[in-house]
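K.L.:
Each chain, letter by letter, is given below.
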Amino acid sequence: MVSQKDREILRAEIRSRNNKLNAADREDLLKPYLPDPSELSTPQRSRASTSSSQRRQKARKTPIRSFIKSQIHRLTYAITHIIFGIIVRLLQAYHAVVDRIFAIVYHHHRTPELIRKDVRGLKRIPQHLSVILTLRSEDDALAVLMDEVAELTAWSACAGIHQLSVYEKTGALKFCIPALHQIITTKLASYYGTPSHQPSLQLFAPHHPVHGDTPDPNSENPALALLLLSSTDGRETLVDLTKTLAEMSQNGKLSPEDITPELVDAEISEITTQPLQADSASGAAKILKPEPDLLLVFAPFLKLDGYPPWQIRLTEMYCTGDRNHALNGDGEAVEYQGFMRGLWHYAGAQMRFGR
Amino acid sequence: MAGSMHLSRLRNWFLASPPIEFAINTLKELLVGALRQGPIPQHVAFVMDGNRRFARSHGIETVEGHNLGFEALARILDVCYKSGVKVVTIYAFSIENFKRSKFEVDALMDMAKVKLSQMTQHGDLLDRYGAKVRVLGRLDLLKPDVLAAVNKAVDLTSRNGDRVLNICFPYTSRDEITTAIRHTVEDYSKPLHPGNGHARTPFSESHIAHNIRAQTLGSKTHDTQSDSESTSAESSGQEDDNILRNDHANRIYESGSSFSSSTTLHLGQQDPQHPKTTVQGKTSDGESPAFISPETISRQTLSDHMLTKGTPPLDILVRTSGVERLSDFMLWQCHENTEIVFLDVMWPEFDLWHFMPVMLGWQRRISKSRQNPDAEGNFAGDSPESSEEDMDNMVLRQGKVKAV
Numbered sequence: 001m002v003s004q005k006d007r008e009i010l011r012a013e014i015r016s017r018n019n020k021l022n023a024a025d026r027e028d029l030l031k032p033y034l035p036d037p038s039e040l041s042t043p044q045r046s047r048a049s050t051s052s053s054q055r056r057q058k059a060r061k062t063p064i065r066s067f068i069k070s071q072i073h074r075l076t077y078a079i080t081h082i083i084f085g086i087i088v089r090l091l092q093a094y095h096a097v098v099d100r101i102f103a104i105v106y107h108h109h110r111t112p113e114l115i116r117k118d119v120r121g122l123k124r125i126p127q128h129l130s131v132i133l134t135l136r137s138e139d140d141a142l143a144v145l146m147d148e149v150a151e152l153t154a155w156s157a158c159a160g161i162h163q164l165s166v167y168e169k170t171g172a173l174k175f176c177i178p179a180l181h182q183i184i185t186t187k188l189a190s191y192y193g194t195p196s197h198q199p200s201l202q203l204f205a206p207h208h209p210v211h212g213d214t215p216d217p218n219s220e221n222p223a224l225a226l227l228l229l230s231s232t233d234g235r236e237t238l239v240d241l242t243k244t245l246a247e248m249s250q251n252g253k254l255s256p257e258d259i260t261p262e263l264v265d266a267e268i269s270e271i272t273t274q275p276l277q278a279d280s281a282s283g284a285a286k287i288l289k290p291e292p293d294l295l296l297v298f299a300p301f302l303k304l305d306g307y308p309p310w311q312i313r314l315t316e317m318y319c320t321g322d323r324n325h326a327l328n329g330d331g332e333a334v335e336y337q338g339f340m341r342g343l344w345h346y347a348g349a350q351m352r353f354g355r
Numbered sequence: 001m002a003g004s005m006h007l008s009r010l011r012n013w014f015l016a017s018p019p020i021e022f023a024i025n026t027l028k029e030l031l032v033g034a035l036r037q038g039p040i041p042q043h044v045a046f047v048m049d050g051n052r053r054f055a056r057s058h059g060i061e062t063v064e065g066h067n068l069g070f071e072a073l074a075r076i077l078d079v080c081y082k083s084g085v086k087v088v089t090i091y092a093f094s095i096e097n098f099k100r101s102k103f104e105v106d107a108l109m110d111m112a113k114v115k116l117s118q119m120t121q122h123g124d125l126l127d128r129y130g131a132k133v134r135v136l137g138r139l140d141l142l143k144p145d146v147l148a149a150v151n152k153a154v155d156l157t158s159r160n161g162d163r164v165l166n167i168c169f170p171y172t173s174r175d176e177i178t179t180a181i182r183h184t185v186e187d188y189s190k191p192l193h194p195g196n197g198h199a200r201t202p203f204s205e206s207h208i209a210h211n212i213r214a215q216t217l218g219s220k221t222h223d224t225q226s227d228s229e230s231t232s233a234e235s236s237g238q239e240d241d242n243i244l245r246n247d248h249a250n251r252i253y254e255s256g257s258s259f260s261s262s263t264t265l266h267l268g269q270q271d272p273q274h275p276k277t278t279v280q281g282k283t284s285d286g287e288s289p290a291f292i293s294p295e296t297i298s299r300q301t302l303s304d305h306m307l308t309k310g311t312p313p314l315d316i317l318v319r320t321s322g323v324e325r326l327s328d329f330m331l332w333q334c335h336e337n338t339e340i341v342f343l344d345v346m347w348p349e350f351d352l353w354h355f356m357p358v359m360l361g362w363q364r365r366i367s368k369s370r371q372n373p374d375a376e377g378n379f380a381g382d383s384p385e386s387s388e389e390d391m392d393n394m395v396l397r398q399g400k401v402k403a404v
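Quick mapping for you: the protein sequence lines, in order, are chains A and B.
Every letter in the first sequence is one number past the one before it in the UniProt record's numbering, and letter 161, counting from 1, is 161.
Every letter in the second sequence is one number past the one before it in the UniProt record's numbering, and letter 325, counting from 1, is 325.
Hints are not guaranteed to be accurate.
[Claimed, not checked] Derived list of chain B stretches under chain A, where covered just means 3 residues or more per stretch with a C-beta under 8 Å from a C-beta of chain A: (1) 27 to 40; (2) 295 to 301; (3) 327 to 338; (4) 357 to 371.
Everything labelled a hint here was simulated from the structure, so no lab data went into it.
Think of the CB as a built atom: it goes at the ideal place given N, C-alpha and C, for glycine as much as any other residue.
Required output: the full structure, derived from the provided sequences and hints.
P.N.:
Below, the structure is given as structure tokens:
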């Protein structure tokens, strides 16, 4: 809200690099933009009681003006929200139509070849894809969720993604790993046909044993590792690590100076990759990345909801619903076109480490 | 190309003309005032990304781009504080950024120093309007002259009002989390002082043992009971005094045990009966110093050791320039209920017009979740919808799904 003229003065001063303006000049320049002291409605900051009484006097002088002002603001608030609401609804309708068109044009038809064709043109594919799903509140929510996970697994396997991690806040999936494995195998069968063509699947969760067959290094079928995460793998894990470190330090086994980002990183990464590292030592050469490359959020807007914080340092994030500011409370439906849009988006983004 | 340049010049001239400028400013004031009427996020964070790319695309020097970025920061801080945001956190410089060209790093450092030292020249203005400035990050990586400017600015504004500006200066979130863990471990590996230990733990084992002994003995001998009665009469039954008395008695008891050979103390007659227990207690205390149990470490403990301690939870995180990554910023703070917004606009261009939809969207969601009491505190609204509009919308969507 600075006028062009004053801005030019300031810029010229910065450019010249010798302080032409002294403190007083700058204050003069600044004065017109500072709010009137009487408008500062923060009673806590009235350290000097005199200034607050002055303020009250001043406020008393113009009661009508300030009343009208507040009414105008309230009116503007209502109007902006109505307009914003209309725009949001229009955008939602527009995107709903676009989504449907996408869904028709891009459909997998349970054919791995079609999915492979869809990703062929992409410049890069994430090695480690992560998704955030929400458990809905209906009765068959868990069944729906497991089906979604199975679909995502099949799509990822077809698209050539080696590692998929599924985050669900409550951790309900972790309690039914064998059942989930069964469902996914069935789903893969419906995509790939006979078991000999199916990709080998390994299903695991932190502090749970690996469920599934070890990938055969000689087979051409792609291998996929599926990792289940929940909110306890986030802050709780860091708290547990701190507890262990504190105990070691109390027993004199570790000095606090030894705690470096590298140590924490190694410890945290091991939790999500450990069961498979043992396998890779035995021959299956597979690189497991603890940090996901792409995080797909199937939700109306981008909220991490307790996703493990340590791993997402450089993760690209994509929210399938964030374009339309949708307000329907439940998570977005997991759809193939949303998955594809995320992959495209990822391929178009430019990667720059260290900003 | 030339045409577009003329057009942009014409546009700039038009926008800079006094009546238009006045109208725009009034409109901005009005909008900010209107924003105030709704719910306002307490804590907003910005990743100021895109200065370099803006400079590149506009054919100006990188340093110039950073200067324009600073203007944008001033603009947006103005909007935030006027609309009632309490804490603004900005990502000014990453530890990784030290890898950039020396020229650019020096220019950025210079800019920070100049801005901070300029700020300190306006002492009274800062007192009246200023926010508390805090610099988060690895200050030990800074050059001494910059560090001096930082410290001066932080000191000068430390007594300011309730608005806070957190500048993440050489900062990465992993470093922050690691430091928090290290400090927690350091806190927990400080042995409790033996004397303090008894004062801090509400009950001490040796004292309970003593009490039991006193009770069993008290039925036989009357002089210990009368002794305790006389002390309790002095303490007039108040809790604090009671603890003090217990502590006092405890100390007497312990000193008694250390000089266990001398039986001149008033508890001396018990010593021959239970000499073993007291000696055991003594040696176990001496061998391993007492620590606070690591099991008491919680998320809150770690949060309290983060650099952002004492600030309200992060409500909105905005990253400009269309890069959809956190780049090691506020990982601990933003992974729960924060709304993360990636905007496809370079930071120097960032203004109220881009920030307004973010705020409106947030306000909308918050007021929706407040209307629906089941979703209180969880503005994703995991519960079924109550609003008719949304029902309509869902029906519409479902209809479309079916149509497909």
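K.L.:
Next, verify each hint and record whether it holds.
P.N.:
Tested hints:
no. : hint       : in the structure
1   : 27 to 40   : holds (count 10)
2   : 295 to 301 : holds (count 5)
3   : 327 to 338 : holds (count 9)
4   : 357 to 371 : holds (count 7)
Checked against the numbered hints given earlier, this structure breaks none of them.
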